[in-house]
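There are 4 protein chains.
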Amino acid sequence: MGIIRLSHVDITVPDLDLATAYYTEVMGMLETGRTDDRVFFKCWDEEDHHSLAIRYDPRVGIDRFSFKVEAEDDLEDLERRIERYGFRVHRVHRGEEVGQGESIRFETPSGHEMELVHEVEKVGSLLPKVNPRPYPTGLKGIAPPRMDHLLVTAEEVPEATRFYMEVLGFRLTEQLLDGDGHQIGVWLERSHTPHDLAVVSGPNGGLHHFAFWLDDWDEVRRAADILAYNAVQIDVGPTRHGITRGATIYFFDPLGTRNEVFTGGYRPDPDFPTITWTEDNVGKAIFYYEGELNERFMKVHT
Amino acid sequence: MGIIRLSHVDITVPDLDLATAYYTEVMGMLETGRTDDRVFFKCWDEEDHHSLAIRYDPRVGIDRFSFKVEAEDDLEDLERRIERYGFRVHRVHRGEEVGQGESIRFETPSGHEMELVHEVEKVGSLLPKVNPRPYPTGLKGIAPPRMDHLLVTAEEVPEATRFYMEVLGFRLTEQLLDGDGHQIGVWLERSHTPHDLAVVSGPNGGLHHFAFWLDDWDEVRRAADILAYNAVQIDVGPTRHGITRGATIYFFDPLGTRNEVFTGGYRPDPDFPTITWTEDNVGKAIFYYEGELNERFMKVHT
Amino acid sequence: MGIIRLSHVDITVPDLDLATAYYTEVMGMLETGRTDDRVFFKCWDEEDHHSLAIRYDPRVGIDRFSFKVEAEDDLEDLERRIERYGFRVHRVHRGEEVGQGESIRFETPSGHEMELVHEVEKVGSLLPKVNPRPYPTGLKGIAPPRMDHLLVTAEEVPEATRFYMEVLGFRLTEQLLDGDGHQIGVWLERSHTPHDLAVVSGPNGGLHHFAFWLDDWDEVRRAADILAYNAVQIDVGPTRHGITRGATIYFFDPLGTRNEVFTGGYRPDPDFPTITWTEDNVGKAIFYYEGELNERFMKVHT
Amino acid sequence: MGIIRLSHVDITVPDLDLATAYYTEVMGMLETGRTDDRVFFKCWDEEDHHSLAIRYDPRVGIDRFSFKVEAEDDLEDLERRIERYGFRVHRVHRGEEVGQGESIRFETPSGHEMELVHEVEKVGSLLPKVNPRPYPTGLKGIAPPRMDHLLVTAEEVPEATRFYMEVLGFRLTEQLLDGDGHQIGVWLERSHTPHDLAVVSGPNGGLHHFAFWLDDWDEVRRAADILAYNAVQIDVGPTRHGITRGATIYFFDPLGTRNEVFTGGYRPDPDFPTITWTEDNVGKAIFYYEGELNERFMKVHT
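Residue numbers (my numbering), protein chains in the order written: chain P, 1 to 302; chain W, 1 to 302; chain S, 1 to 302; chain B, 1 to 302.
This is chain P alone, in the form it adopts within the complex (with noise of 0.2 Å):
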């Protein structure tokens, strides 16, 4: 019970049109609903209405990012939980939001707007119920099967891990460590995946990427090929993580928000002993090919 995965992230943009003929045709995604100033999308593979919202706004950043929960009770027994952490929580009612039943609305110590929702509109996935092939046809660019996780920067990423853990139910699978032993950056799940939620070193309130899966090191290929293609600026990789073992590459929308395509793995179980990184290690824990960061990586957030 509680939180079982990453519901959406909204994000604003600069651009309506640009992001969203980025968003369908580089990136593959399908667009599911649209208001004024409002466009949504979801992956192939996901059921739900959108893991993706775009809204217009002179500047890139980020509004909320929701996360699902399992029972309509996950819902009020957050809520309480939340509060008597010392957080107010806003209601949104049924019909308020596009695509979405109640859910809760809160300000986390790491300075994120964070949404925790129940019911979702289902739109279905591409592939029928009965006897479906394993994927559908006429897929646009990468087109991933779906959204996997996303990592925020906070100024005290202790503090904020204690709150994503204590209150909110999140397992630690990775951490790193500065030379005082302080946490600087922190891998959390919920859905036995290295990583649903993670936490770095910055501003509060930042957005450092949010991350599409991709089904295995060929599939990442044909998405550089395909970003290189479309001229999308790559940040970094193809290469792998040392923290998570996953394969990567670092990539801007058109407007700059980093986005990122991400397979492999372990498949952490809620009895999964945490991995320490130190901060000696600490290119090899983020880009294991290359040993070391690179300036961009590190102070581009949005």
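Treat the hints with care, as some may be off.
If several chains are the same, the list does not tell them apart, and a pair holds so long as it fits within one copy or across any two.
Simulated pairs of lysine-lysine, DSS-like, Cα-Cα distance not exceeding 30 Å [unchecked claim]:
1. K129 to K140
2. K299 to K122
3. K129 to K299
Hint data in this document are derived by calculation from the structure and do not stem from the laboratory. This one's a predicted model, so the numbers in the text were calculated from it and none came from an experiment.
With chain P's structure known, arrange chains W, S and B on it following the hints.
Chains W, S and B in isolation, oriented as in the chain P frame:
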């Protein structure tokens, strides 16, 4: 809370040495314990004491399968639920069983002895918990990172399914229906994978196979190379399942227990809508490329 | 100098429309020409006019196979050698055959009509010759980059082999010997690949299959997905050959001609030492994973 | 007839032991010979005595590169052509050089000592010639099956190209032109691969890198894992080349000679139409994903 994953499968073999040679040299598991009539094995990325136990017996068969629960309390809670459902539960106390603490055992409607365990001796994976590399060196044979699932046979699949779902909390990802709409195969999960446990029509108490996870399709080819080189009889594959979408090879250990290597598939969360296969698609459901089942696959179990 | 590669295979089909639909939509070749009773196809990365021609005939069969020579002079030179060996050579003049210039045709000791051609109309690949991307967009079906080789049957394999080697300059990469040490299968190359032409025991004039190149094992899986989705009957595979080491799938076009997709294998230069397989290893030689041949593979040819 | 492939590259290293440890333990070549100041290595699937020779010298550099010719007569024929072009040819007689018979050596317009050799001692690959398995066991490190090509630098690329093509018979698969249409990079082949030898602008006599063949993109990832684990500095990659379409990693041996692992690319026959890249696409031409060259790649050679 509740069951988090398959813990171990306990089978019987008429030749401990031959089976041990196969599971260590060809499959590439690690021997982690041994008694007069039993040998215990784990995969390299598993932390717990064993995921496979073999016991000497003149007949090839299955003693039991064991699932791990998240919390100490889960044992008592599930014990109550099982007894309320009408099955007697037997306690195995700490110290009675190799490599694990308190557990409960009971017969299921599919005629299997099942075990639930919370505390298992940690022997650790082959990687350190500080600054690990992505995988260890010196592995032998196929060397899967972990055990994945098992498939058992039952005379009354719907009845077994009800028990596994209502009492033990498994979720139904896929089902195969006969012409009358009755379940003749079900795929059940607790760990956000396409299946941790599957049940198909057959005699009560039978084991169709247990499966090891591989990381991708190239590992499947490598496994086939190793099996062929070691003259291990391949039953079917490399091929793809319609059900689970996974890639697979079926083959037999030298004593006749069917093994599988498996990779791929989707990632079902608890809100995953069940997929249904109809009997006229059974060939593609099981072996998507062949489109038909072989006799051996249908008839042979242990 | 001399033969540089397989140019095209000319087969007969009892249904031009059905065959065309299959070779364009499922196999993903491009139609490059058409006459009253013939259709011509090429793969996307091939420059020449066609690598496959189909002709209407009530019977499924092979008209001829054609190899390309490097220089104009090679035609005359090889014509002399063939006639000296005792076979009559027939000249086909420029303008007589679609998409190509002067060629010579002759019957081989394996009972096939073979053609050698130097000048072939260039229609170009799907990629530009200036600043190309790695592969084109908009491909359909399997879309192999090129035709790779063909395998024919002959009553007297050693005699056919002598002709192909001594007269036409093929080099022997692998051979399969029966218990008396006689060749029952040979693999021959001119283009630094494991085989451009292979001959196995069977009736004179038979076509066992022709094969398309795929770039890797993941493309083999994708091909199997497409074949299965299109209900194309798979004969064997995905599997690996012992001979050539290549990965493969055999299957039949809708009229009954066997096709193969093939990848991998070593890169033999002219100094490559021949590999020999003995009859007791014939199963592994042909299908390394299965270790045995199926009846259909042995008996069916066109 | 003529040149069939790269035979070996002879480099100098200031530390024979360190270089030997790297080329055997990390690269996974086999040591096949040793003299006072030289060590010889081959890859596991190569039949000839060596494809790499290292000689002790305080300076890192290249002594020569050697190509193999198909027939004994080729040596005399090419000797005449080279002398007619105006270069002096030096004969190295059987017994003078380790592991090979008669050869000729000469300086090329790119300022390199080049060797042509026909007879090379056969030490055999690691696989038997009768009923082999697809690859051997017990390999160490990256273990490429063979050496693939080398890239050298020349002050006057067009002049060097003319020599390699007109005198030695290389064919031009791709070329990179500056704004004035002059060649600043050429890719040349003799073995139906995208390149056996490449030349780019730079000082005469320089070695940019030599490259090992890998079988696919998954082997590229495995190579990167091994390099990273062994703390070998990766220059660029894993990435894709625009030129050749191949997948690649560049890195340095511990003494500073650049190595590459390479896979993929098309299969050019002698009738392959040359591909041209213009200088404004140089970034994509070399590193398709990054779209730009790094300083190190441009400046560092040995």
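Structure-based check of all given hints:
no.	hint	verdict
1	K129 to K140	both (22 Å within a copy, 26 Å between copies)
2	K299 to K122	neither (38 Å within a copy, 40 Å between copies)
3	K129 to K299	between (44 Å within a copy, 28 Å between copies)
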